[in-house]
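K.L.:
Read off the chains here:
There are 4 protein chains.
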Amino acid sequence: MMIIMRPGAPREQIDAVIAVIEKNHLSSHPIFGMEQTIIGAVGDGHYVAKEIFEALPGVIEVQRISKPYKLASRQFHEQDSVFQLDGFNVGGNEVPIIAGPCSVESREQILEIAQAVKEAGANALRGGVFKPRTSPYSFQGLGEEGLEYMAEAREQTGLPIVVEVMAVSQIKMMEKYVDVFQLGARNMQNFNLLRALGETRTPVLFKRGMSATIEEMLMASEYILSGGNNHVILCERGIRTFETATRNTTDINAIPVLKKLTHLPVILDPSHSTGDSEFVSAVARAGVAAGADGIIVEVHHDPAHAISDGKQSLTPESFAKMVKQVKAVAEAVDRKLVESPLHVGEG
Amino acid sequence: MMIIMRPGAPREQIDAVIAVIEKNHLSSHPIFGMEQTIIGAVGDGHYVAKEIFEALPGVIEVQRISKPYKLASRQFHEQDSVFQLDGFNVGGNEVPIIAGPCSVESREQILEIAQAVKEAGANALRGGVFKPRTSPYSFQGLGEEGLEYMAEAREQTGLPIVVEVMAVSQIKMMEKYVDVFQLGARNMQNFNLLRALGETRTPVLFKRGMSATIEEMLMASEYILSGGNNHVILCERGIRTFETATRNTTDINAIPVLKKLTHLPVILDPSHSTGDSEFVSAVARAGVAAGADGIIVEVHHDPAHAISDGKQSLTPESFAKMVKQVKAVAEAVDRKLVESPLHVGEG
Amino acid sequence: MMIIMRPGAPREQIDAVIAVIEKNHLSSHPIFGMEQTIIGAVGDGHYVAKEIFEALPGVIEVQRISKPYKLASRQFHEQDSVFQLDGFNVGGNEVPIIAGPCSVESREQILEIAQAVKEAGANALRGGVFKPRTSPYSFQGLGEEGLEYMAEAREQTGLPIVVEVMAVSQIKMMEKYVDVFQLGARNMQNFNLLRALGETRTPVLFKRGMSATIEEMLMASEYILSGGNNHVILCERGIRTFETATRNTTDINAIPVLKKLTHLPVILDPSHSTGDSEFVSAVARAGVAAGADGIIVEVHHDPAHAISDGKQSLTPESFAKMVKQVKAVAEAVDRKLVESPLHVGEG
Amino acid sequence: MMIIMRPGAPREQIDAVIAVIEKNHLSSHPIFGMEQTIIGAVGDGHYVAKEIFEALPGVIEVQRISKPYKLASRQFHEQDSVFQLDGFNVGGNEVPIIAGPCSVESREQILEIAQAVKEAGANALRGGVFKPRTSPYSFQGLGEEGLEYMAEAREQTGLPIVVEVMAVSQIKMMEKYVDVFQLGARNMQNFNLLRALGETRTPVLFKRGMSATIEEMLMASEYILSGGNNHVILCERGIRTFETATRNTTDINAIPVLKKLTHLPVILDPSHSTGDSEFVSAVARAGVAAGADGIIVEVHHDPAHAISDGKQSLTPESFAKMVKQVKAVAEAVDRKLVESPLHVGEG
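First to last, the sequence lines map onto chains F, S, H and L. Per the numbering used here, the very first residue in the first sequence carries number 41; after that it's consecutive. Per the numbering used here, the very first residue in the second sequence carries number 41; after that it's consecutive. Per the numbering used here, the very first residue in the third sequence carries number 41; after that it's consecutive. Per the numbering used here, the very first residue in the fourth sequence carries number 41; after that it's consecutive.
Since the hints were derived computationally from the structure, they do not count as laboratory data. Certain hints may be false.
[Claimed, not checked] In silico DSS-like cross-links for lysine-lysine, where the CA-CA straight-line distance does not exceed 25 Å:
#1 K90(L) - K361(F)
#2 K376(L) - K90(S)
#3 K364(L) - K90(S)
#4 K364(L) - K376(F)
#5 K300(H) - K361(H)
#6 K361(S) - K63(H)
#7 K107(L) - K367(F)
#8 K376(S) - K300(H)
[Claimed, not checked] Here are the computed distance ranges between Cβ atoms for each label pair:
#9 M74(S) - V122(L): 26 to 34 Å
#10 T355(H) - K212(L): 42 to 50 Å
#11 P50(F) - K376(H): 47 to 55 Å
#12 Y217(S) - E159(H): 53 to 61 Å
#13 D55(F) - R114(S): 54 to 62 Å
#14 T355(H) - P47(F): 33 to 41 Å
#15 T284(F) - T355(H): 47 to 55 Å
#16 R241(F) - D84(H): 21 to 29 Å
#17 E239(H) - Y87(F): 41 to 49 Å
#18 E379(L) - G268(H): 52 to 60 Å
#19 E62(S) - E52(L): 56 to 64 Å
#20 I100(F) - Y217(S): 32 to 40 Å
Just so you know, even glycine gets a beta-carbon here, dropped at the ideal spot from N, CA and C.
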C-alpha cells in the first residue's frame, strides 16, 4: 500500500500514519519528497482494507499494490484450476458448452430442448426456475416443480444441470437437484448468498455483475472460496455501458485479463452479453478465440413463444451451427470441445 | 407498444404479431410504410412485457409507449406521496435530514454520534449492523447487538432509526427494532428481498443500484408497492461511470426526473454519491436546490478511526455547517428543514 | 511517481528503472518489499509522462502522485482566477448568466432573443454560427453572416457574445466579432485547435468532452494556458453514461472537484447536461448551490420551431423564472447575480 | 418516425404535428390510444432530424424507425464494399494486417520496424507523425519529416502507409505521402475534418470515438461518404467504460453489429482497445473470430524505449506469433490472411 500525504503534512500526521501501518503488522517506508511525503506499507496486505488509512489526517490518497483478494489469485494458486463436472472437466484444455432455455416453462418444453441441445453438442443443460425479473408483473418461474423437470431432463440426456439460485433459503432444497448453482449478475454482491454458497460443496457458475469491475468480481468470488468451496467458474456476461445497439457490451478483454489474474475457469455468456440471437455465434467464437474455457448460451425450440429472453435465444438449428463454428475456432487455438459427450443415463 | 417489422416482412408475420397483441387484450393498429410496417398495440400495457413480441418472426424492434411500472407512476397517483415518520413527514414541504455512521461499531460510538447529529439538526439516525463489504475480510457488522445499541440511541435522542436489511431472513428480527428499512444499492434488484419488504408495513429507504436506470429503479420499487407497502422513499446515491475523480457520479438529473415520473419522495445521499467528505456539503446543497425531499449523510465523531467509510464521513462540526447551508438553500427554493426536531423520548 | 515492479523482478531491471528516473532529473527511492519492489520517483514530475516507465522490463504499473497539469492547478495559482468580460467579472463572487439560442437562425431571431434574455437578466449572449451536427444532412449554421447578426445583437443590447469555434481556420475571422470563443465538447481534445486558441488573447469557454475525465479536462486546458492565454472558463455540460432518461448525466460532483483542483472559473450548462427544458431550472439551481461560477443556457423565443436543440431550450418566460430561482439560490450560498446588467451600448 | 403525444394532448397539437410531418414530405398516421396519441410519420426519413418534432407542443418523445444515415447502410448498398489498397483488398475474404509504431521517432526506427513487420506478415505500415497527446508537454510528432521517413519505409518494403491526419490544413501536404488517412478517435466528430476528408479520394481508416455509439459512428462516416469518398474503413478501438483493468473496453459486439448495419469494411485495433501488449493477441484473435475484416496493431522494436504507447506495443517477435494465431483463427472462420505479401518495390 502507498499512502500519499497532503503537501506540507506535518510530521505528527506522518507519524500517526506510520503507527497505523505498524499496528496492522506491515512495515513502513516513508519517502520524503520535495512537495509531499509518500509512505510505503509493506507486508501481507491482502487483508488490510485501504480505507483504514484514507480518513487519517493529512492523507490524500491510498493506492494498493497487492491485490485485495488472495485465494482467487494466480499468485496463490499458479496452475489453472481444473475440476470435474459430470462427464467433463472445466478449466482444462476442453471447452464445454452449456445450453438451454432462459426459463423452464413446462415439462415438455425442457425435455424437448434438453434433447435438442444434447444432440447438437451441449455438455450441460441450463434452465431457470426462479427468475429475477425486472418487472414484478412478469413470469417468476416454476420453482421446485421446474427443478423436477430439470432432473428428469438430466435423467433422459445425461447432461448435468445448471440452475440459478436467488436466495439463501433456496439452497438446501435446490442442492438435491442441481449439479451447478448459477449465481446471477444481479446477486454478484449479495454477500449473504455468496457466504452461503461458500458453505456448500456444489460448484458455482458465478456471473459478473453488470457494473462490476474485474477486481470486484474476484473479491466477490473470494467470499465463496474463503468458505471452502473452491469450485467457482467465473462468467463474463456483458457489462453496462453507454452503447445501446446491444443489450450489454461484451467485455472481451475480461477473458485474457481474468486468465492472467486468476486460476479459476472463465467462461462467456454471449446470449446476455449481446442480447440478440443474431450476434451470439460471432461473440461465442470471439470468446473461445480469446481464451474462454467454455460457453453458456440460451437455446429455445420456439424462441418466438419463449416466456423470457426469446430475442436472444438460439434455435436448436442455429445452436448446432454455433457449436460447429466454436469447434473450429477452439481447434485453431489448440483446444477442443469436450470429446465424447455423455451417453444417456451416465449423469 | 410499437412493434417495428423488418422491411419486407410478409403479411403472415404481421398477422401473427397482431394475433399476439389481441391475445394480450390490446388493440392493434398497423401502419404500412414504404419500407416497413409498424404495428401499434394500444390499451393498458403496463403489465405486458415487450419481450413477448421481440422474438416473433419479422419483428426487429419493440418500443414501449406506456411505462412498465404503474403504482409508482405519477399517472397512477398524481399528488406527491407524503408519509409520516416519527415526528416528521417525508415527501411534503419539509426536508428531513438523516445522519449517522456507516456502521454501528460500539455502544459508546453510536450513542455519542446520535447525540451529536441530533444537536446539529438531524431528524433520523442511520447506522448499519449488517454491512455489505466488497471484501470478505472486512468488518461485517455487529448484527442484532448493533440493533440494540441503535434502539438505545433512539430512546436517548428520540430520533427514529434507519438500518440496512440485507436478507429476507433478517426482516422479522429487524422489524422489532427499526423505524425504516434501508434497501442497499447492491440489493436493488434482489427481487426476493423486494417482495419480502413489500409484505411488511415498515417504510423502506430504497437506494438506486449503482448501474440501475431510473426506469429500473421505479420497476424495482414496484415490487414493494405491489406487495401493499406504499411507504417507499427513493434515494439517489450516485451511479457508476468512467469518472474516477469521485467514488460515484451523483446523477443530479435524477432528482427532477424522478419528481416528474413518480409521486414517491426522493432523497439524496451525497456521502456515497461523492465518496469524499470534502464534497458532501456542496452536493447536499445541490440536491435540495434540485428538489430533493431529504438528505441522508454519513457522520462519524472520529472519521480517522471509523471502521468503514471514514473518508466520506463528516465530523459532527462539518455536519452542523452542512445543515445550516442546506437550510439556507431549502428556504431559497421555498422549502424548509423539519421545524421542531423531536424532543428526547418522543421516538 | 511510484513505479511498481513485478514480484521477483531482478536487480538489473530495478537498476534500469532507476537510471530512467535519474535521466529525467528525478530522484529515486526504492522500497524493497516482501513480494515486490516499488520505486518512488521524486521531483518536479509535472512534465514527465508516466508512459516512459510503463514499458520498461519488469514494470507492472506506474502511479502518478503529482498532477499531470501545472498551470491549471491550484498549487500553481492558489487564488481563484477572476477576469473581466464586458461589464462583469467571471470567477469572483458574482454569478453571470449566459443565454441565447443554440444556432443563429436569422437576423430577426437573434435580435429578438438577445433583447428577451437581456431583459430577463442575462449577462452575455450565446449563439452558434458553425454547428457541430451529428448528421451531415442537418443545418450547419449561417457562418460569418451569423456573426454579423450576433455583433448587431451586441450593439443593441450591450451583451458580450459567446460563439463556438470549430476549426483553426475560423479563428482569425471570428476574432473580429466574438468576445468569448466557445470550445465545444467534441473538440475538447482537438489539440491543434487548443494550441491555436492558446495563441489568441480572447477568453475561451471550454466545454468538457462528453467522456472526458476531470483530469483530461484540466490537461487539455493546459494546452491553452501554456500558449499564454489564461482566460479559460471551464464548463461542465454533462457526461455520457448508461442512463438514457436524460440526454447526458450532469456530473454535479465535478463542480466542487474542479473548484478544489483548479483556480479557473467553473460554470454549468444545464441545457446540454439534461437535454430537456423541463429539467434545466432545477439543475441550474443545483449548479449554483454546488458552487458554480456561472450558468450558460439555451433560450429560444419559439422552441417548437428552433432549427436545433428546441427540446432543451427555455422560452424567455421560463428563462426569466430560472433567473429568479438561481438568484435566490446564489444568495443562499453567499453569492449574487451580476449586480447592474449592462446598459445598451456599453458593450 | 413515431411521435408520441402527451396523454390528453388536444386535437390542435396533434394537427400541428401532422402539419410538420407533411411539410417534410412524409405521410402521417395517427393512432388514437386510450391514454395518448401516437403519430407515425412514413416516407424517406433518413434526412429528417427527429429534433424538429421534439419541441412541438404536446410531444413527449420521438422515436426513429429508419436509420439516420443512408450511404453507410446495408439497405443502400447490400453487398460488402471491397476496395483495393496497394497489393491487397479490404472488405473481402482476406484479412489484412496493419502494423507499426505509435509514432515515427526517427528514420532508423521506422525503417527497422517496417522491415520487421513486413517479414512477420504485415500488409501495411502504420506510424504517426502528428500525435494527439493528452498533455501539451509530451512529444508531438515529427511532422513532415516523419512522412518522408514513412515514404522511404514504403519504398524499401512495398507496404502502403497509414498515417493519422489531425487537421484540415494537413490534408494537402499529407496526400502526397500517405496511402490511407487515419482519422483518430478524438476527431471522430470533428466535422470540418470529416467534410474535408470527404473531398479527397484517399481511403480513410475511421476510428470510433471513445464514447461514440455505433449509430454516431455511422452518421459521422456519412460525412465522408456524402462528400464522394466512399473508401472508408471503420475501426473499433475500444470504448470508455467504468472498467479500469484495461485502458479501454473492446466492444467486440460492435464487429457483428457493424457488419449487419453497414457494407463498409470493419477492422479492429486491439492495441488501443486493451492498452496492454499482454492482451493484444488474444483480442486480435477474438476480433477475427467475430468477423473483423482486418487488424491494426502497434509494433515497436524496443517498446521499453518507445516515445509513446510502449506499454501496448508488441515486439516484432510477439507480433509474428500474433500473425500466426490470427491466421489459424481466420481459417477457422473460412477466411485467410492476405495471400502473397508484396515484394519490395511493388508499393
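K.L.:
Hint by hint, say whether it matches the structure.
P.N.:
We went through each hint and held it up to the structure:
no. : hint                          : result
1   : K90(L) - K361(F)              : violated (40 Å)
2   : K376(L) - K90(S)              : violated (41 Å)
3   : K364(L) - K90(S)              : violated (46 Å)
4   : K364(L) - K376(F)             : holds (18 Å)
5   : K300(H) - K361(H)             : violated (31 Å)
6   : K361(S) - K63(H)              : violated (49 Å)
7   : K107(L) - K367(F)             : violated (36 Å)
8   : K376(S) - K300(H)             : violated (29 Å)
9   : M74(S) - V122(L): 26 to 34 Å  : holds (30 Å)
10  : T355(H) - K212(L): 42 to 50 Å : holds (46 Å)
11  : P50(F) - K376(H): 47 to 55 Å  : violated (38 Å)
12  : Y217(S) - E159(H): 53 to 61 Å : holds (58 Å)
13  : D55(F) - R114(S): 54 to 62 Å  : holds (57 Å)
14  : T355(H) - P47(F): 33 to 41 Å  : violated (49 Å)
15  : T284(F) - T355(H): 47 to 55 Å : violated (31 Å)
16  : R241(F) - D84(H): 21 to 29 Å  : violated (57 Å)
17  : E239(H) - Y87(F): 41 to 49 Å  : violated (55 Å)
18  : E379(L) - G268(H): 52 to 60 Å : holds (55 Å)
19  : E62(S) - E52(L): 56 to 64 Å   : violated (32 Å)
20  : I100(F) - Y217(S): 32 to 40 Å : holds (38 Å)
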